[in-house]
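Participant: Chain residues, written in single-letter form:
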Amino acid sequence: MKTDTIAAIATGMTPSGIGIIRISGEDAFSIASSVFHKKNKEPLSDYEDHRAYFGYVHDNGTVIDEVILLIFKGPNSFTGEDTAEIQCHGGILMMRKILDLCIRNGARTAGPGEFTKRAFLNGKMDLSEAEAVMDVISSQNDLALKNSVKQLGGSLYKTITDVRNKILFELAYIESALDDPENYDLEGYPEKLSVKLLDILRILEKLADSFDDGRILSEGVRTVILGKPNVGKSSLLNILAGSDRAIVTEIPGTTRDTIEEMINVGGVLLHVIDTAGIRQSDDVVEQIGVRKALDIAKEADLVVLVIDSSSVLSPEDEEILRFIKVNDKKCLILLNKSDLPTVTGVDEIACLTGSRVITISAKDETGIDELKSFITGEYSKGFLKYNDEIFISNARHKEALSSAIESLLCVAKSITEKMPEDFYSIDLTSAYDHLGRIIGVSVDDDVINEIFDKFCMGK
Amino acid sequence: MKEYTFTENVDVVVVGAGHAGCEAALACSRLGLETVIFTISINSIALMPCNPNIGGSSKGHLVREIDALGGEMGKNIDKTYIQSRMLNVSKGPAVHSLRAQADKAEYSASMRQVLENQDNLTVKQGEVCELIIEDNVIRGVMTYTGGAYFAKAVILCTGTYLNARCLTGEAITYTGPNGLMAATHLTDSLKANGIKMFRFKTGTPARIDRRSIDFSKMEEQKGDDEVVPFSFSTDPSTLSKDQVSCYLTYTNEETHKIIRDNLDRSPIYAGIIEGTGPRYCPSIEDKVVRFSEKKRHQLFVEPEGLHTNEMYISGMSSSLPEDVQRQMYRTVPGLENCRIMRNAYAIEYDCIDPVQLKHSLEFKNIKGLFAAGQFNGSSGYEEAGAQGIIAGINASMYCLGKDPLIIDRSEGYIGVLIDDLVTKETKEPYRMMTSRAEYRLLLRQDNADLRLRKKGYDVGLISEADYNALLKKERMINDETERLKTTYVGNNSRVSDFLKNMGSSPLKSGVPLSELICRPELDYDLIGPIDDNRPDLPSDVRQQVNINIKYEGYIERQERQVAAFKKLEKKKLSDDIDYSSIKGLRLEAAQKLDMYKPVSIGQASRISGVSPADISVLLVYLGAKDH
Chain A
1 MKTDTIAAIA
11 TGMTPSGIGI
21 IRISGEDAFS
31 IASSVFHKKN
41 KEPLSDYEDH
51 RAYFGYVHDN
61 GTVIDEVILL
71 IFKGPNSFTG
81 EDTAEIQCHG
91 GILMMRKILD
101 LCIRNGARTA
111 GPGEFTKRAF
121 LNGKMDLSEA
131 EAVMDVISSQ
141 NDLALKNSVK
151 QLGGSLYKTI
161 TDVRNKILFE
171 LAYIESALDD
181 PENYDLEGYP
191 EKLSVKLLDI
201 LRILEKLADS
211 FDDGRILSEG
221 VRTVILGKPN
231 VGKSSLLNIL
241 AGSDRAIVTE
251 IPGTTRDTIE
261 EMINVGGVLL
271 HVIDTAGIRQ
281 SDDVVEQIGV
291 RKALDIAKEA
301 DLVVLVIDSS
311 SVLSPEDEEI
321 LRFIKVNDKK
331 CLILLNKSDL
341 PTVTGVDEIA
351 CLTGSRVITI
361 SAKDETGIDE
371 LKSFITGEYS
381 KGFLKYNDEI
391 FISNARHKEA
401 LSSAIESLLC
411 VAKSITEKMP
421 EDFYSIDLTS
431 AYDHLGRIIG
441 VSVDDDVINE
451 IFDKFCMGK
Chain B
1 MKEYTFTENV
11 DVVVVGAGHA
21 GCEAALACSR
31 LGLETVIFTI
41 SINSIALMPC
51 NPNIGGSSKG
61 HLVREIDALG
71 GEMGKNIDKT
81 YIQSRMLNVS
91 KGPAVHSLRA
101 QADKAEYSAS
111 MRQVLENQDN
121 LTVKQGEVCE
131 LIIEDNVIRG
141 VMTYTGGAYF
151 AKAVILCTGT
161 YLNARCLTGE
171 AITYTGPNGL
181 MAATHLTDSL
191 KANGIKMFRF
201 KTGTPARIDR
211 RSIDFSKMEE
221 QKGDDEVVPF
231 SFSTDPSTLS
241 KDQVSCYLTY
251 TNEETHKIIR
261 DNLDRSPIYA
271 GIIEGTGPRY
281 CPSIEDKVVR
291 FSEKKRHQLF
301 VEPEGLHTNE
311 MYISGMSSSL
321 PEDVQRQMYR
331 TVPGLENCRI
341 MRNAYAIEYD
351 CIDPVQLKHS
361 LEFKNIKGLF
371 AAGQFNGSSG
381 YEEAGAQGII
391 AGINASMYCL
401 GKDPLIIDRS
411 EGYIGVLIDD
421 LVTKETKEPY
431 RMMTSRAEYR
441 LLLRQDNADL
451 RLRKKGYDVG
461 LISEADYNAL
471 LKKERMINDE
481 TERLKTTYVG
491 NNSRVSDFLK
501 NMGSSPLKSG
511 VPLSELICRP
521 ELDYDLIGPI
531 DDNRPDLPSD
541 VRQQVNINIK
551 YEGYIERQER
561 QVAAFKKLEK
571 KKLSDDIDYS
581 SIKGLRLEAA
591 QKLDMYKPVS
601 IGQASRISGV
611 SPADISVLLV
621 YLGAKDH
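Going line by line, the protein sequences match chains A and B. Just so you know, we're using this note's numbering here: the first sequence kicks off at 1 and counts up by one. Just so you know, we're using this note's numbering here: the second sequence kicks off at 1 and counts up by one.
A couple of the hints might just be wrong.
Stated by the list, open to error - The calculated lysine-lysine pairs, modelled on BS3-like cross-linking and capped at a C-alpha distance of 25 Å, are:
(1) Lys413/A with Lys508/B
(2) Lys500/B with Lys413/A
(3) Lys398/A with Lys567/B
(4) Lys485/B with Lys418/A
Simulated from the structure, these hints should not be mistaken for laboratory data. What you are looking at is a predicted structure, and each value in this text was computed from that prediction instead of being measured.
Please build the complete structure, drawing on both the sequences and the hints.
Facilitator: See the structure below:
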């Protein structure tokens, strides 16, 4: 059976020491060798089964990361197909970059659970494993209702459900009018429906547009860290992330771009955006960087301002403080470097702002507990909210959304062409079903896809 | 078992000669099986105890489907109609519905004649009181008068007669409709054989002496000039006759006040009625309570026949006491001095929980025992007839050792009706509605023959001649559709003048005629003047061609939905699956699945209490089993 080659980040979108990109399918080895060379810069010539190769991932010769490449020949692999795994340094940007490289070299992004699906189809799972799969699915019975945050994004679920309910209402109305014309009147209804359709289409199109617009992560408390260069932002991030690896992986050539990480602080997921240092500057490029940092901060749920307590309050710090006040941002001010003699003290800052001020030392890791309990406390009191902006990150979701939009446009066309109302329901029903596929409440005709789209076995 | 005094051997016994029983018995006997049909009273064969019409929204579709399969209802109403209308013509072709007023006495007499003259069929007056069942296989029935009728198959079509009681206010009589004898013994036998029973109720309005009605205060509604027959075998030219009129009037606040003031005397609101009534065919009491904001309700005044003065007051069924009825009907414009000939009443009766049936309408647990009609929890003549013909065909197939005829949801309203009955938990009398048919654009009343006639031919109920006529019609439709798609008209002055006259935009270049038909302001007949080589075609062919072309995009999209539906229907679930052993199924789902034993993933997905996640589990289970 000929299948295309799929690739995906296998370790999940969380900061970790090692990240794994898995490539599976007929062209797995050739794709791997086109992005990999050995330490001596020689390409892979043979692929020895179950062997690890040490070398580099490169983009047309430019080295990207030092990695280990593992070769599993089918059928002796998880999926039963030829499989290559690239173990790179963790960090979402790095993993994403290597994945993109594989895609550019001929792989396709794997859908959720697609590796498992292939394993299943290639007879690599026995009944008991299949049963474990069923367990996972059945647990979604509750999950879908209670808390789909982890799987789908609670707000995506909610938005889709809302839109579906709106469509359902219209469907029910039309059907009622057909069966009970005495009690339900369709006079003027097409015009009303037109307006509602526009509203629904706007929501869905916005969702569709969010697909793969370069942003990897959607969930968590959107947290922006501001502060002068060398004030200790990176060290702070390292402490919060619980490891001292270099999580700051700057994008080459754009040092003023932001770096995003997901950090779990006492159970609260922070979507941390580390801006380049804000610095007053006459340099045009620098100024753009400053403005951008403040722009990003405008969208934040939480702004963390790091101030150097061992020096005097700089004009930049004052500007940020003004910004926070003007924009009425939830803010936490960290006075770092308490290990050094204090020049700027808590009282001095406190009189400038209503925000909480905590003294820490990133070097000595003091004040960190207070910082954590502040975040968990604010969150449990409901003062900190998860970002409710929604992203579509799944190709099948995107496809279902597009189909739903197409169906709704058909309804709009029927209205324009003055078709009788009963024609609307064909396309309204289609839209309703397409959307249902996103949240897993429509039973899909494509059995295997349906099942494996719904869960991820973690492999 | 009761002692019997004589025995007879037949192939099929049909219990009840209402609309379901008649179709069932005719199907069996026409398929060559020796059949006996029992009725409480031969005078009540094909009785219409409620509304004096056949068809209407979605029900008209059922009648045409019955006819396409080789049933009798369409032919019988064509013979006995006294007014005919195509409803909803301002809406899309999917919801056009044929409705005909019947001369009730004629309808009944005509059907009786068909039954009495049918070869292989014996009409027998009597009450069936017991089923003879051995090892979960039906062997026959016992009659109250001591006969044992041994049979290979039995079809139960008891309608509203089982333990029936009629209520008019506080006055209760233990009879079936129209004062006919109730059947009081069979329920016990059914229960003894493990069959789960429900108690449902329905109702009917008063009949009023037409001489006491002032029609000048009502809006007259005449029949259509051009009458479309129900039966695909009826020659439309034989239908012309003088039609009678129906009349439209309304209730008002005064009516509603009388009803409200006397609600405590309504058996339903007083809690005397135990049975569940239909939400979709509510009594006037229910309407006044449930739609309290409505200032008036529409009523239809319909003649019951040519040889009676009785007029049926449609929309005003009731179980209020007679004295309240006298006041309430007289508040209606035109009915101020009305004389009630028959009181409105509610009727309660025993029926089964239809989830005990397979799609073939055979009981899952009793081989050879079939059921149809109101006994299965439906309501309406047409719903009954539709189940009747399917039960009749499948009882025959059972006797002949052949596969049952199953019509699925994408093939007919009959399929929707039966699938709903056997799959969904019915809590009230089931009425057919267009909204229940998800693929209704394909299930039009105009193409029922194209959808189902071949099935009728295959089982043996459609004659060679009728089948050949269908093939000819199909050919004409296809040829003409093809011709229109390949015949181009250019932008000449004749065409542009024509388009201008029709208020249609001019052509920029040559287009096929089919493209012009698609324009909202044009259709097949309208573009005749610019279609030079048009063949002379019958109107039903022209209509199909027009619909196929005009709604092509919609039809295609609906067909895609059907394809998706069929995929799940084709994933079969055997009835020996032990759902409780499948890991991952929720307890409720496993119990429901064990109870229903669905035949396919598709059916399983329609069972309430089975979630999409449960379906996924089943799919994995099936997938794992295949490997």
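Participant: Run through the hints listed earlier and report the numbers of any the structure violates, in increasing order.
Facilitator: none
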